[in-house]
Amino acid sequence: MSKFQRFLVILAVLAVSLAFLWPTAGWYWFTPKADQAIALGSREQIREYARSMAITDLSGLKAKAAANDPTRLDAQKYATVIQASAKAYDVAKRDKPATWTAKAALAAFANEKAAYDAVENIYRTRVLAIKARQKKAVKLGLDLSGGMSATIQADLPALSKKLGHNLSAAEKTDAMKRAIESLNSRIDKFGLSEPTIRQQGDDQIYIEMPGAADPEKINEILMGRGNLAFYIVNSDATSKLTSYLAQNPLGVDDKTLTVADSTIVPAGFVIRKQYTKDSYGLDEFTGKYMVINATPGLDGNHIQNASTSTDSITGQPETTFQLDKEGGNIFYAMTSAHVKELMAVVLDDKIKAAATISEPIRDSVRMTGFSAEEATNLALVLRTAALPVELSPVSTQAIGSSLGEDAVHSGILAVTIAFLLVIGFMLLYYKGAGINTAIAEVLNLVIMVGILSAFGLTLSLPSIAGFVLTIGVSVDANVLIFERIKEELREGKGRVAAIQAGFSKAFWTIVDSHLTNLISALFMAQIGSGPIQGFAISLAIGTICSLFTSLFVSHLIFDFETDVFRMKHVSISWRVK
Amino acid sequence: MTRVIQFDKAFKFTVAVSVAIILAGLIGAGVMGFHMGVDFQAGLNSDIDFVPPSMNVSFAGEGTMSLSVSKADATFISRAPSGSSTSYTFAFAKYPTFQALSDAFKTVPGVAVELKAPGSTDSKLLLGASQTDAQIKTDSATVLHYDAVGSAALPVTVEAIRAAVKDFGSVSIQRVGDDTSHEYMIRVQDSGNDPAFSKTIITKLTSELGKVYGADNILVNKSDFVGARFSENLAKQAIWLTLGTFLLILLYCSFRFKPNYAIGAVLSVVHDALIMVAFIVFTRTEFNTTIIAAILTIVGYSINDTIVIYDRIREKVKFNPGAPFRENMNRGVTECLARTFITSGTVLLSAIALFIFCTGSMKDFALCIIIGVVTGTYSSCFIASAFVDAWEIIAHKNKKSLKGASPIVVAAPKAPKAVKD
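Line order of the protein sequences matches chains A and B. The opening position of the first sequence corresponds to residue 1 in this note's numbering, with each subsequent residue numbered one higher. The opening position of the second sequence corresponds to residue 1 in this note's numbering, with each subsequent residue numbered one higher.
To be clear, the hints were calculated from the coordinates, so they are not data collected in a lab. Computed from a prediction, not measured in an experiment: that's the story for all the values here. There may be inaccurate statements among the hints.
To be verified - As a list, the in silico DSSO-like pairs of lysine-lysine whose alpha-carbon atoms are at most 30 Å apart: (1) LYS505/A <-> LYS94/B; (2) LYS124/B <-> LYS161/A; (3) LYS177/A <-> LYS199/B; (4) LYS33/A <-> LYS199/B; (5) LYS33/A <-> LYS71/B; (6) LYS493/A <-> LYS318/B; (7) LYS94/B <-> LYS77/A; (8) LYS199/B <-> LYS172/A; (9) LYS161/A <-> LYS318/B; (10) LYS177/A <-> LYS236/B; (11) LYS397/B <-> LYS33/A; (12) LYS106/B <-> LYS77/A; (13) LYS136/A <-> LYS106/B; (14) LYS236/B <-> LYS135/A; (15) LYS162/A <-> LYS199/B.
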């Protein structure tokens, strides 16, 4: 490869690393805290935010327009409105007004709905862009951000005892799914931002909640029992509520689930939100509300089993479940009284599904009208009540965020000092060649963090330690090469020959030593999910980067000095000229 | 040419010293056992700061309000029910005292502040809320603590804490940081008798301590609970993975070098791991996952060091096949010496930076790395080469006796000599 090509390769690697680093820098340094708070919210909260901002802006604008306010709009406060309006003018190919008055801004839109949609869209897109940035940024581990995590054991032996037979693999998988489902429905009741929940091994579940660090909360999540029940939906009140919300998008108080207009929800009925699953399997609010009976028609503990099947005639997916005898009687009475009405399946105050009652039903129930996926999810929800899985914490961890912040500070300090010490030493000892090390090490750090972001890995205290040590270790490759070059110079070789020989003689030594290092790092990465893993991963990444920077980058710098600066000697030692 | 250092002269001595240290470590481990960390022992590990309250902050408005305190400022972030968000930041440079700060906090809509500490206290001493659930409670006030110094600091001692938690069974208490620190690591072992241990222990602990020091004076920085099952799995995993690493290194070195080199390399690595064990046993360093990471790092570092030296010895043997192995070995190790010192020096510099600037388990980790770098460097010069040397001598002897059995080979070079006579 020519020098220029090699330079291009390095530039490309650097560019890719910086591209991956960009969201991290943007999120941690250039995103205001208030925007961060909004972006960390759920999609539902973001939608609500965009909606309310649009309504506030437009009502302010309407008031001004109605009063025939001739003044120019506050460019900062109404930036979004002006932006939306300017776009609308452009689309309509009309000239923009000379001064942005309230009337002129509103005149861009065909009607109020169009104005609302345009403004709301800008708000939402902006926040979603910030959210996307956050998703791409390097995540801080719990030890740095503060927060809590728990590893939870599902008591499968107890379930097996209850069922009276050994669990098959499919039954185990289903039990774990049920356990996750029941945790899932409890976890976001606390308004936590970005919780993680995943199965670990065969019978454990790992939960992580950044930010809040109250061990009590983990207990609440664990001890809370999934409360499943069937409720009759009040269709009249629901449609009244829907039309009321079309006028007042923010009509329902999020905490109490009530509306200001008391004529909508009659006594003995309550409002509940309807949920679906998002792409991560977490509950997501559909934006729809229903008014249901305050008292359940049938409690979920009467369910004995639930499964999905396909209707033999229509081919439609369906969910079927069996009730015990007592449950069957209650269900029969309920369904007889409410034929052609809607029945809602509610888990922990969340409507998971709703279906019309076609006829009086006793203990064997069939629900249709869902997609295959919805049917599977519903069966899972029903089974959480039929076959609850006992959960107990295996390990829990809660870290205050102030502790995390101290750790970040000391970690950054350690990295900086280690970096300066090592580079300073190399410059002193190897003179000019020390510059190669300095450049290679800076590049090393950039590429390492770039790789970390690219793979969405988490930065924790042990991984910072890994980086600090990698700085020390990766200098080793440079030392090996420099020492070899020195030997060649001592034997009387010229600059070009000495450098060439130095690199080729050190090559296999460096590859060998890096590969064995990589072996032990990759092995370490297999230990649990805890601190060692973070450390090992950063060590492995550092080893690979160091291989690249020492063999490739440093060599190019030498060649560059030879050809461009016409250097005849190697500045590599105080003694060897 | 620089003088070749006769490393082999020291082999008998170094092997003896190493064996002595390792044996002492193993005996120590057998007699005293390890100071097992929370990762390996079911129980609760908590980091508790005994700090007085600075102010009580409460919130009575719509939506939610959260507060984060950093080194330089305090930031309130309010979220209206609709989702819109506003932030209010108060830099300590602008509000230098608690009085100024609490007055400033009151300007945030819906926030009420009750000052608990002297108003003249330096704002920089402010700490976040207990367990820093950043959200300010609506039903009761959130207590903000401060890092009290001098007479305002609480008189806490290890003995007093021990007295307060005497009913908890096996408890270990350790002060974190220097003598002025009021932060303590309190560990309660799970005896397995109380099934609700994991759920109730932290509340019990804080309430017992609260009875003695006042509930408002306790800030839980960190709490980790580890169940018996978790620690069992971890121990098993750690042992298997360490053995697996050794095996892979053995295979790789056999492939790249000769089997005797590979065995020497693994032996030197095992040597380093065992010396580290001796160090951990005698310094009573807490044995936890971080320490396992340190041991594995040293395994990686030491093998790296050994391979560099082997490479050099092999090169010497290749260029000078007639010379005795011992001479080639001494030359190889000597030629690598500069590199050995510089590399271990730079790794040491990094490890020392970690040791100085980090606290808690990271400090222990850095200390182990420092020890390991020293032993790793030593073992690759003295232990790994000593093994290959010993092997070569034995192999050579065998070859010699083999040669003695076949007179034709021996006789051949003698022939011209006889003619000359």
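If any of the earlier hints don't hold here, list their numbers in rising order. 1, 2, 4, 9, 11, 13, 14
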